[in-house]
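Below, each chain spelled out in residue letters.
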Amino acid sequence: MAFQKQKQQQRRTDPRLKQCPFCEHGAKYIDYKDYPAMKPYIDYFGNIRKRYYTGVCLKHQKMLKTAIERARFMAMIAYRK
Amino acid sequence: MPELVASSEDTRIYEICVLYPYPMNQKEEQTLLKEIDELFAEAGATLVLKDAWGRRGLAYPVNGATEGTFVVYYYEMDPSKLKEVDLALRIMKGVLRHMVVKPPKHYQVVKFSEAYELWLKERETMEEQKVRQKEEKVQEQVARKAKRQAKAAAERKKSTPAEQPGGVDLTQKIDELISDDSLTNL
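If you read the sequences in order, they're chains A and B. In terms of my numbering, the first sequence has 32 at position 32, counting the first letter as 1, and numbering is strictly consecutive. In terms of my numbering, the second sequence has 74 at position 74, counting the first letter as 1, and numbering is strictly consecutive.
By construction, these hints were calculated from the structure, which means they are not laboratory data. Source: prediction; values computed, not measured. A portion of the hints provided could be inaccurate.
[Claimed, not checked] If you want the footprint, here are the derived chain A segments under chain B, 3+ residues with CB under 8 Å: (1) 27-33; (2) 54-67.
[Claimed, not checked] Calculated pairs, DSSO-like style, for lysine-lysine (alpha carbon to alpha carbon, straight line, at most 30 Å): (3) K62/A / K50/B; (4) K65/A / K111/B; (5) K105/B / K83/B; (6) K137/B / K50/B; (7) K158/B / K102/B; (8) K121/B / K83/B; (9) K50/A / K39/A; (10) K62/A / K28/A; (11) K39/A / K134/B; (12) K158/B / K134/B; (13) K111/B / K137/B; (14) K111/B / K81/A; (15) K59/A / K145/B; (16) K59/A / K34/B; (17) K134/B / K157/B; (18) K59/A / K28/A; (19) K62/A / K137/B; (20) K62/A / K134/B; (21) K83/B / K62/A; (22) K173/B / K59/A; (23) K93/B / K50/B; (24) K105/B / K65/A; (25) K137/B / K39/A; (26) K81/A / K59/A; (27) K65/A / K50/B; (28) K157/B / K28/A; (29) K157/B / K145/B.
C-beta: ideal position from N, C-alpha, C; glycine also.
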């Protein structure tokens, strides 16, 4: 029993339980001009981070995608580093 | 923060972002801005807001330019004339990139300079938070260390008084022994 308990404590938190950071603020639109809002969802190479790792919900991930693609077109964010 | 609302049902508000290279002659720049204004005037658009971002580094070189100036216009115009404006902007000389976006309902316009100041303030608070957390951690560690030391000191005190009575007894016994010896000697 004690061994089982220890194993349960060692287990990582379930990534599916993460809360969407945009839902917490009630964001209805993600602006392509707002770089600091998009920055945490872009990795070093300029790729959009997967939803699985950031915990963003599908609705906001789609908004993020359009915002980042717009910003990339306007040369505010690099396509590839 | 102003909220954009179209004055009539036939017109809509559009957000037009224009990028042109930074090292540009002042004359050329002025003529370009004039051309854009004229273009929108021809289309029967009314200017709601204009936000000049100013000089900015680009994420990647566009047509050999590594720095550019952004200008964001908020125009209220007829949707049917949008195509012409878009095409004209695409052809216009000196414009590197342009984009027309329809902002969503209840969109709050925040000027770049204001947003930047806000961001600076937020960043400061974030850094302050980090510093505070660090200090709290250090204080916790200090408190823990102090507790540990106090505990150790208490244990030492407990152990020493236990020894002392024994020591007293020993000395007393020795004294007695000595006294006995002296008695026997006598």
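We went through each hint and held it up to the structure:
With a cut-off of 8 Å between beta carbons, the stretch 27-33 of chain A has 4 residues touching chain B; three or more are needed, and the interface restraint holds. For the stretch 54-67 of chain A, the proposed coverage by chain B is not satisfied: 0 residues have a C-beta within less than 8 Å of a C-beta in that chain, short of the threshold of three. Distance check on the hinted pair: K62/A and K50/B sit about 28 Å apart at the alpha-carbon level, within 30 Å; holds. At most 30 Å may separate the alpha-carbon atoms for a hinted pair to count; K65/A and K111/B meet this at roughly 23 Å.
For a cut-off of 30 Å, the pair hint linking K105/B to K83/B stands: about 22 Å separates their Cα positions. At most 30 Å may separate the alpha-carbon atoms for a hinted pair to count; K137/B and K50/B exceed this at roughly 47 Å. A distance of roughly 78 Å separates the Cα atoms of K158/B and K102/B; the hinted pair therefore is violated under the 30 Å criterion. At most 30 Å may separate the alpha-carbon atoms for a hinted pair to count; K121/B and K83/B exceed this at roughly 40 Å.
Proposed proximity of K50/A and K39/A is supported: the alpha carbons are some 14 Å apart, at most 30 Å. Simply put, K62/A and K28/A have alpha-carbon atoms about 12 Å apart, close enough for the 30 Å limit, and the pair holds. Of the pairs offered as hints, the one joining K39/A and K134/B holds, with about 24 Å between alpha carbons and a cut-off of 30 Å not exceeded. Straight-line distance between C-alpha atoms of K158/B and K134/B comes to about 36 Å, which puts the hinted pair past the 30 Å bound.
Restraint check for K111/B and K137/B: the C-alpha separation of about 39 Å exceeds 30 Å, so the hint is violated. Between K111/B and K81/A the CA atoms are separated by roughly 28 Å; this keeps the pair inside 30 Å, and the hint holds. A distance of roughly 49 Å separates the Cα atoms of K59/A and K145/B; the hinted pair therefore is violated under the 30 Å criterion. Proposed proximity of K59/A and K34/B is contradicted: the alpha carbons are some 40 Å apart, above 30 Å.
With a CA separation close to 34 Å, the supplied pair K134/B and K157/B exceeds the 30 Å bound. Of the supplied pair hints, the one linking K59/A and K28/A holds, its CA atoms being roughly 10 Å apart against a limit of 30 Å. Our distance criterion of 30 Å between C-alpha atoms is broken by K62/A and K137/B, whose separation comes to about 39 Å. At most 30 Å may separate the alpha-carbon atoms for a hinted pair to count; K62/A and K134/B exceed this at roughly 36 Å.
Between K83/B and K62/A the CA atoms are separated by roughly 26 Å; this keeps the pair inside 30 Å, and the hint holds. Restraint check for K173/B and K59/A: the C-alpha separation of about 88 Å exceeds 30 Å, so the hint is violated. Distance hint between K93/B and K50/B is fulfilled; the C-alpha atoms sit about 21 Å from each other, no more than 30 Å. For the hint pairing K105/B with K65/A, the CA-to-CA distance comes to about 19 Å; that is within 30 Å, so the pair holds.
For a cut-off of 30 Å, the pair hint linking K137/B to K39/A stands: about 28 Å separates their Cα positions. Restraint check for K81/A and K59/A: satisfied, since their Cα atoms lie roughly 27 Å apart, inside the 30 Å limit. In summary, the hint linking K65/A to K50/B is supported, as the alpha carbons are separated by about 26 Å, within the 30 Å threshold. In summary, the hint linking K157/B to K28/A is not supported, as the alpha carbons are separated by about 65 Å, beyond the 30 Å threshold.
With a CA separation close to 18 Å, the supplied pair K157/B and K145/B stays within the 30 Å bound.
Checked against the numbered hints above, the structure violates hints 2, 6, 7, 8, 12, 13, 15, 16, 17, 19, 20, 22 and 28; every other hint is satisfied.
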